[in-house]
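**Q** Using the UniProt record's numbering, read the sequence shown as starting at 1 and increasing by one per residue.
Since the hints were derived computationally from the structure, they do not count as laboratory data.
Computed from a predicted structure; not experimentally measured.
Think of the CB as a built atom: it goes at the ideal place given N, C-alpha and C, for glycine as much as any other residue.
Be aware that one or more of the hints could be misleading.
When the alpha-carbon atoms are kept at most 25 angstroms apart in a straight line, the in silico PhoX-like pairs for lysine-lysine are as follows [claimed, not checked]: (1) 52 <-> 3; (2) 50 <-> 290; (3) 107 <-> 3.
The calculated label-pair distances, taken between Cβ atoms and stated as ranges, are [as the list claims (entries may be wrong)]: (4) 57 <-> 169: 49 to 55 angstroms; (5) 50 <-> 178: 33 to 39 angstroms; (6) 23 <-> 201: 25 to 31 angstroms.
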Amino acid sequence: MRKIVFLVNPISGTAKKDIVLKAVEHTCQKEGLHFEIMPTHANGNYTLLKQKIHEEQITDVVIIGGDGSVNQVVHALHREPVRFGVIPLGSGNGFAYAAAIPANMQKAIDIIVQGHSGKVDAFRVNNRFSCMLTGIGFDAKVAHDFATKARRGLLTYTQQSLINFFKAQPYQFEVVLPEFSFFTDAFFISIANGNQFGNHVTIAPQAVLNDGLLDVVIVQKMNKAKLPFAILRQMRGNNKLQQLVDDIAQKNILYFQVPSIKVRNHRLAPLHIDGEPVETAEELNFEIIKDCFDLLQPAKSFKENQ
Numbered sequence: 001m002r003k004i005v006f007l008v009n010p011i012s013g014t015a016k017k018d019i020v021l022k023a024v025e026h027t028c029q030k031e032g033l034h035f036e037i038m039p040t041h042a043n044g045n046y047t048l049l050k051q052k053i054h055e056e057q058i059t060d061v062v063i064i065g066g067d068g069s070v071n072q073v074v075h076a077l078h079r080e081p082v083r084f085g086v087i088p089l090g091s092g093n094g095f096a097y098a099a100a101i102p103a104n105m106q107k108a109i110d111i112i113v114q115g116h117s118g119k120v121d122a123f124r125v126n127n128r129f130s131c132m133l134t135g136i137g138f139d140a141k142v143a144h145d146f147a148t149k150a151r152r153g154l155l156t157y158t159q160q161s162l163i164n165f166f167k168a169q170p171y172q173f174e175v176v177l178p179e180f181s182f183f184t185d186a187f188f189i190s191i192a193n194g195n196q197f198g199n200h201v202t203i204a205p206q207a208v209l210n211d212g213l214l215d216v217v218i219v220q221k222m223n224k225a226k227l228p229f230a231i232l233r234q235m236r237g238n239n240k241l242q243q244l245v246d247d248i249a250q251k252n253i254l255y256f257q258v259p260s261i262k263v264r265n266h267r268l269a270p271l272h273i274d275g276e277p278v279e280t281a282e283e284l285n286f287e288i289i290k291d292c293f294d295l296l297q298p299a300k301s302f303k304e305n306q
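All chains, full assembly: derive it from the sequences and hints.
**A** Here it is, written out as structure tokens:
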């Protein structure tokens with residue numbers, strides 16, 4: 001028998017939360033599923049839930065929230081014998097969309113009920129955990145500013161992006177790969193496991209959640225008038241890497257895939273992990289965690305990932 005714990009973020013998607021919880025209760029009761037609704041914990045301490053998983057044989061933990069909640073819960077529980085689900089209720093929901101989990105509340109709940117799951121990668125950033133996307137530079141500065149705002153959502157995020165765009169200056173990085181290293185002045189570097197920035201904005205078109213590779217996108221120094229058009233081409237997947245060594249000098253945006261990478265952050269550019277601002281560092285080591293956890297996802301995606 002499946003036993004499901006739904007973890008709801010008390011501060012994500014407040015206006016829709018009651019509607020989602022009523023839909024969860026109605027669907028689970030209709031399907032005869034054993035379920036319980038609990039709050040997420042801001043401090044990330046899930047010791048009692050770990051105990052509950054073993055004592056009560058909990059089979060599934062479903063996060064009702066955004067990318068930050070997904071990161072926190074999966075990080076705490078990915079070694080436990082449970083499958084994870086997501087009902088997107090955050091500002092960007094990049095992880096859910098990368099996994100083909102729809103924004104439609106009932107459709108996301110139906111995926112939980114159907115119970116199809118597949119393995120998903122994650123990665124480490126020094127000693128931190130990331131499910132989907134880590135950024136250094138411009139997008140991290142936006143994340144830091146966005147986190148201070150009382151109002152959340154796409155409009156606020158867009159406003160902060162525009163404000164920071166006009167103030168943005170490139171940062172100095174050294175990128176270290178197994179074969180060689182290079183220096184670059186870049187507006188930002190994104191290290192992705194999924195393909196999303198959030199809100200269905202694609203940054204790494206070739207990214208797959210279980211391919212064992214990190215997708216690295218480096219937006220190098222360029223005329224600001226060209227920057228939006230260069231990023232748009234990247235989102236459309238028209239900037240495929242040919243020869244990295246040549247591209248470093250010739251292309252505005254570099255895009256390549258590796259299982260691990262080191263970035264020396266000489267000017268301490270700001271850092272975010274799965275959309276949440278965190279303390280930056282002079283050296284950042286990224287390493288894939290293959291098949292890190294089981295994710296409930298659409299049956300079509302499940303079949304493609306096997």
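**Q** Each hint needs a verdict: does it hold in this structure or not?
**A** Against the structure, the hints come out as follows:
no., hint, in the structure
1, 52 <-> 3, "holds, 11 angstroms"
2, 50 <-> 290, "holds, 22 angstroms"
3, 107 <-> 3, "holds, 20 angstroms"
4, 57 <-> 169: 49 to 55 angstroms, "holds, 54 angstroms"
5, 50 <-> 178: 33 to 39 angstroms, "holds, 36 angstroms"
6, 23 <-> 201: 25 to 31 angstroms, "holds, 27 angstroms"
Checked against the numbered hints above, the structure violates none of them.
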